[in-house]
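Spelled out, the chains give:
Protein chains: 2
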Amino acid sequence: MSSVLVVGSVAIDSVKTPFLSRERSLGGSATHFSVAASFFTDVGVVAVIGEDFTAEDEAVFRERNIDTKDLERVAGGKTFFWKGEYGFDLNTAHTHDTQLNVFAEFKPKLSADARKSPYLFLGNIQPTLQREVREQVDAQFVAMDTMNFWIESARDELVKTIGVVDALIINDAEARQLADEPNLIKAAKQILAMGPKMLIIKRGEYGAACFTEKSFFATPAYPLENVFDPTGAGDSFAGGFMGYLARTNKPEDMMCVRRGIIYGSIMASFNVEEFSCDRLRRVTSIEISDRLTEFKQFTHFDLDETLANSQFEPTKAKSSTSAPRAR
Amino acid sequence: MSSVLVVGSVAIDSVKTPFLSRERSLGGSATHFSVAASFFTDVGVVAVIGEDFTAEDEAVFRERNIDTKDLERVAGGKTFFWKGEYGFDLNTAHTHDTQLNVFAEFKPKLSADARKSPYLFLGNIQPTLQREVREQVDAQFVAMDTMNFWIESARDELVKTIGVVDALIINDAEARQLADEPNLIKAAKQILAMGPKMLIIKRGEYGAACFTEKSFFATPAYPLENVFDPTGAGDSFAGGFMGYLARTNKPEDMMCVRRGIIYGSIMASFNVEEFSCDRLRRVTSIEISDRLTEFKQFTHFDLDETLANSQFEPTKAKSSTSAPRAR
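Which chain is which? The protein sequence lines are E and Y, in order. Oh and the first sequence: position 202 is 597 in the working numbering, straight run, nothing missing. Oh and the second sequence: position 116 is 511 in the working numbering, straight run, nothing missing.
Honestly, the hints are just simulated from the structure, not real lab data. Take these hints with a grain of salt, some might be off.
Copies of the same chain are indistinguishable here, so a pair counts whether it falls within one copy or spans any two.
[Stated by the list, open to error] Within a straight-line C-alpha distance of at most 27 Å, the following computed DSS-like cross-link-like pairs (lysine-lysine) qualify:
id, residue 1, residue 2
1, K691, K609
2, K581, K511
3, K645, K502
4, K584, K473
5, K691, K645
6, K609, K504
7, K584, K555
8, K478, K609
9, K502, K581
10, K691, K555
11, K473, K592
12, K691, K502
13, K645, K473
14, K411, K478
15, K581, K411
16, K473, K555
17, K609, K511
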């Protein structure tokens with residue numbers, strides 16, 4: 396079995412950005428997640444592909460030693476296809492085309508080996524399907540993603556699934572929509588009341604935050620001068636997070652969770668620097684370490700011991716404060 | 396003279412939020428700035444008011460020992476008036492009415508005393524006016540704010556003014572607009588090339604960032620469950636920042652700058668908890684210290700020394716990675 400198992404989509408993406416476009420690249424939540432997680436631990440992927448999944452696509456998994464035993468190939472089928480475009484600010488993807496193809500009939504049945512994975516990530520798929528997978532795996536720590544589409548169209552099922560995971564990893568807007576509450580702190584409380592032990596909020600260029608019943612953590616994002624393709628950033632984040640958590644295997648240790656969030660942010664930062672998983676595939680251990688060190692540096696400040704409480708007052712009273720000057 | 400001098404607006408605001416509305420409250424950039432800064436050092440305010448400025452309004456300055464010698468009262472005039480409304484998410488203010496009144500003829504002539512202030516903040520007013528004030532003050536450190544209106548309508552004048560200050564304190568969108576560049580890191584480089592030594596980016600609920608030629612710092616915001624009125628948040632931020640910088644008087648020490656940004660964030664967090672300066676006026680030293688400690692806690696993570704570089708690889712190779720299972 397693998398330390399981390401992911402269920403999600405393996406997709407063929409056609410992506411257009413303000414800089415360049417590419418007709419066909421390997422994408423999907425399970426792809427970005429597993430490549431990112433593979434830098435920390437051994438990973439298995441549960442997904443479905445069609446006949447059009449090439450040897451080159453497969454190499455992305457193989458070269459990272461990702462277990463594809465539970466990657467199901469449907470004879471005569473076509474792989475899930477997504478065509479999207481990003482605007483000037485690279486913040487929002489406009490979907491031009493979505494073809495579910497083999498994904499429409501996806502009913503993940505896990506191998507005996509996969510069922511033993513201690514860490515499980517439920518990528519952004521139909522919430523009932525997520526729960527069915529969750530029930531098949533005797534995992535010690537389960538995290539999940541979701542999106543506005545499921546919040547709107549399958550809310551009850553989604554809330555049930557959220558009730559049986561340890562961590563929900565979504566973005567700001569999804570958290571607000573899920574709780575129907577504009578204040579994120581209030582929204583987080585409501586979501587934690589649905590069952591999960593932690594809520595991790597992805598904020599894109601603004602970083603990430605983590606809420607538990609008793610704690611709060613927030614970090615800015617790694618500053619990137621060249622964002623090339625944001626597709627898969629959230630899944631790479633989740634991959635780095637879960638990979639690190641599985642490696643250290645102390646999900647109840649909040650310092651490990653915090654570090655996991657930093658590693659997740661780092662993997663997401665690499666992911667968006669090039670199309671598809673191109674940059675992630677080339678990442679080296681040293682580059683990951685370097686960004687970790689940078690993270691520590693650009694977020695660091697120390698407390699000022701010389702500024703005692705009693706001194707938070709004006710240093711002298713003014714005699715002239717009562718009379719504004721006349722014109 | 397005061398350690399910190401601010402030039403900006405003193406206004407009467409009429410604010411409507413999803414929770415409540417208030418017909419008349421004291422506002423304006425110079426007001427929020429000076430109240431926030433007054434917790435750290437002595438502050439003087441350069442602004443203009445009309446006959447409708449009441450003894451109660453004046454008390455806000457007096458009780459914080461803010462020097463109002465250069466607060467000019469125009470006989471028969473009306474104070475600058477702003478009427479605005481915030482939507483459900485409290486992010487955007489919709490302006491219903493703006494009456495410049497006495498502000499239209501505002502030509503700040505500073506007293507000899509005010510001209511000696513070592514720290515100067517140029518609130519969001521016409522950029523030529525900002526520069527005229529800057530030239531009157533023999534300050535050691537000058538920061539300024541601006542807004543989309545000036546970027547659009549007085550760009551050349553604005554760029555000139557940016558060229559004669561040490562720090563520009565604006566928000567994300569303003570930085571992108573000013574540099575005509577969607578990537579914030581690239582935008583920051585362009586803005587620093589205009590002259591200032593540092594660019595501080597206010598990100599509202601996402602925190603703040605600081606760029607210099609050689610360094611980067613970013614922090615999330617203090618998590619607030621109850622945001623009541625965002626009016627003046629940016630000016631309170633600038634007030635906390637400049638107040639702390641003036642108090643410690645080491646503007647070239649980046650650790651002081653970082654702490655200043657944290658104190659700015661703290662003062663902004665108090666500011667938005669109630670209408671006008673109501674909450675800021677009641678803040679205690681202990682409350683400021685407590686939020687500083689919390690800031691340190693919720694942003695803290697340590698590096699994982701046990702995760703050596705060489706270990707960022709899967710723990711074992713998989714024999715099963717080459718053959719996806721057939722259905």
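Status of each hint after checking the structure:
1. K691 - K609: both (24 Å within a copy, 16 Å between copies)
2. K581 - K511: neither (36 Å within a copy, 47 Å between copies)
3. K645 - K502: neither (31 Å within a copy, 63 Å between copies)
4. K584 - K473: neither (42 Å within a copy, 46 Å between copies)
5. K691 - K645: For K691 and K645, both the intra-copy (21 Å) and inter-copy (23 Å) Cα distances are at most 27 Å.
6. K609 - K504: neither (37 Å within a copy, 53 Å between copies)
7. K584 - K555: within (17 Å within a copy, 48 Å between copies)
8. K478 - K609: neither (41 Å within a copy, 40 Å between copies)
9. K502 - K581: neither (36 Å within a copy, 46 Å between copies)
10. K691 - K555: neither (37 Å within a copy, 36 Å between copies)
11. K473 - K592: neither (38 Å within a copy, 55 Å between copies)
12. K691 - K502: neither (43 Å within a copy, 46 Å between copies)
13. K645 - K473: neither (40 Å within a copy, 64 Å between copies)
14. K411 - K478: For K411 and K478, only the intra-copy Cα distance (8 Å) is at most 27 Å; the inter-copy one is 43 Å.
15. K581 - K411: between (37 Å within a copy, 21 Å between copies)
16. K473 - K555: neither (31 Å within a copy, 59 Å between copies)
17. K609 - K511: Answer is neither; intra-copy 30 Å and inter-copy 49 Å both fail.
Checked against the numbered hints given earlier, this structure breaks hints 2, 3, 4, 6, 8, 9, 10, 11, 12, 13, 16, 17; the rest are met.
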